Amino acid sequence: MIEYILRGLLNGAVYALLALPMSLLFSTAGTIDFAVGGYALLAAAVASTVSGPLGLAAGLAAGVAASAIMALVFALLKRAGEAGIRIALASFGLSVALSSFVLLVWGTQPFVRSTYSTFLEVFGLRVSPQGLINLVIALVLVGGVQLLLLRTGLGRMLRAAAASPLAAELAGIAVLPLQCATVLAGGLLSGVAGLLIVYSSGLDFTASLSLTFIGFAAAIVFGIKSPIRSLLGGFAIGIIEALSAGYTSGLVTAMVPAVCILVFLIAAQLLAPNYTGDRP
Amino acid sequence: MHAAIKRTIGIRRGAGLYQAIASAVLAMGTLALALPAQADTVKVGVLLSFSGPAAVFGLPERDAILALQKEVAATPINGHTLQLVFFDDKTNPTEATRGATQLISDDGVVAIIGPGTGGGILAAGPIAERLKVPLLAPAGTVAITDKANSFAPWIFRVAINDQVGVKTLLGGAVKNGAKRVGVFYQEDAYGKFGNDYAQKLAGELGFEVVESVSAPYTATDLTADATKLRNANVDTVFMQVSISSLGASFLKAAQQVGLKAQIYANSGLSQKSFIDAAGPLGDGVHVLSIGNLPYDPTPPEQKLAAILEKNGEHPQGWGEVVGSNGLMAVVAALKKINGPVTGENMRATLETLCGFDTLSMGRACFSKDLHDGWLDDALVVTTIHDGKFRSH
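These protein sequence lines map, in sequence, to chains A and B.
Position one of the first sequence corresponds to residue -1 (our numbering), numbered consecutively onward.
Position one of the second sequence corresponds to residue 14 (our numbering), numbered consecutively onward.
It cannot be assumed that every hint is accurate.
List of simulated lysine to any residue pairs, SDA-like, C-alpha gap at most 25 Å [stated by the list, open to error]:
#1 B/323 <-> A/245
#2 B/160 <-> B/136
#3 B/285 <-> B/245
#4 B/205 <-> A/7
#5 B/205 <-> B/219
#6 B/213 <-> A/245
#7 B/273 <-> A/7
If you are wondering where the hints come from, they were derived from the structure by calculation, not from laboratory data.
Please read these numbers as outputs of a predicted model, since none were measured by experiment.
Using the sequences and the accompanying hints, generate a full structural model.
Structure below.
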């Protein structure tokens, strides 16, 4: 069981990086960017094509460029007074468009880079150095975002925009540019996730929506409003997947994580305090 | 005098008119003799997956059909000019049904190469039966030619039945000493079929399926699955996977967790993209293939490879072979057909085709009782060495 938990933890680190942009944007703008999987896919495709460290930079730039499209759509819809649901639906459309673009340009080839051929022994288990790299990167990025939100002026402005966009505007905070910047940050973080997947297991043009859904699951399982919760959600999804693969029959393996998420969400609703009635 | 002049003019006018008519008739007759007899146009639909997960097969199938059309159908076949009409089923059975209906009702096709997947074929089968147009199906899904389906007479398989494939592959594994077999399969009908059939074959072929694991197409980590197989002490892993990235991911996971077993992969992974994705980890993996077009082509496959290269396409795997099977079957039917070219007549003619010209391994043969045109003589168990599929 320890082996499955460890492997799930390492895999969950990548899920956390997909969950983090969703959590950030929801906190800041009350909507979700469902194109994070598309950003990850595009970053992976570009990085696989351009060799060396330049490929990594190009991949990240591609992820950010794709999120810039979403930022523009976001800004236009916000200016038109549209609600968060339309923005979320637009992001779905972008995710599908990015998948189709990757298929058009790169075809059906998988995007995968060579992995390490030597392994580390961690508590008696063989672990790829790539898995540890993924974990460290996820911890650094999540920790960095958490620090940024809590300890910096920019973070204060983001939290103010999340708490009350109107009040923040009145206080002189440029809410819309901040929210657009959050979308761009999402492109960058998703791009990192895409690059880590290329070096871990690989992916192809079909991965966009499934990466989005897994990121969404990781974002919501413990509540969507905190980077730390996204990290924990990613770990939880990774561990549940690994335990499910290890201990259940192939017929139900894919179902178990989804059922667990449903249980968590229902439990959270049932256990949440409910205050009723007016103040005296 | 005036009347005489008038009469003369009238005669001359009349004569001129008759002359004009006679000249026109003469010219038309000459023209008719000079022009060759116009061939009638026969439309055939190509309903494959150009997008969605099955595009990995649909695109090479399409490329082969396009390249071959220029070679074998550039001139009329038995007085019929072949025109292909393309439709993307988007790896979606609903689109496949819509495509079949549109191709038959609007475009008037007399046969359809496709749909691209087993699910699409099963969905479009009733349409083919109702509108009386045969489907040449490039899929291994067993059920498509199951005689229990009322539409079975309208489906002609141009790939290899999955049962034949799995039996050939696992037979080869047993010959190489496989006793404790673990199955890794992708979570769809194709994967589940392979897992179930392997369990069924175990007793017959003399091995034991000790563990089965599965993963969705887009799984990002398979180390847990590989760990489960390692813990079951398998000596052989049977991979029923058609997605290159998933297959390569499993090999990486197997290496990482220390799973040491022979790996036998079904023909879904007989793609260059799998070799590219797997890299050095692919060495020694056995992969079933419908022919070996890119690496060790037989003489007919060499012709297909040459045609593809001429059209700027680089052979990838068996997708091109299966696509070419579909078009060659259509061409053979058009060469043999008697009477009007209708869907019903095409179907009846297809059932009489045996030993016709193809660009693939094996002897293609359809009959009233057998709509699986290619059998195990079209298969080869390859082994990956130095980045290539090598035939045994």
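Hints, one by one, checked against the model:
1. With a C-alpha separation of about 52 Å, the suggested pair residue 323 of chain B and residue 245 of chain A falls outside the 25 Å cut-off, and the hint is violated.
2. With a CA separation close to 16 Å, the supplied pair residue 160 of chain B and residue 136 of chain B stays within the 25 Å bound.
3. The straight-line distance between the Cα atoms of residue 285 of chain B and residue 245 of chain B is roughly 31 Å, outside the 25 Å bound, and the hint therefore fails.
4. Between the alpha carbons of residue 205 of chain B and residue 7 of chain A the distance comes to roughly 28 Å, so the proposed pair goes past 25 Å and is violated.
5. Restraint check: the Cα-Cα separation between residue 205 of chain B and residue 219 of chain B comes to about 21 Å, which is no more than 25 Å; the hinted pair holds.
6. Distance check on the hinted pair: residue 213 of chain B and residue 245 of chain A sit about 23 Å apart at the alpha-carbon level, within 25 Å; holds.
7. Distance hint between residue 273 of chain B and residue 7 of chain A is fulfilled; the C-alpha atoms sit about 24 Å from each other, no more than 25 Å.
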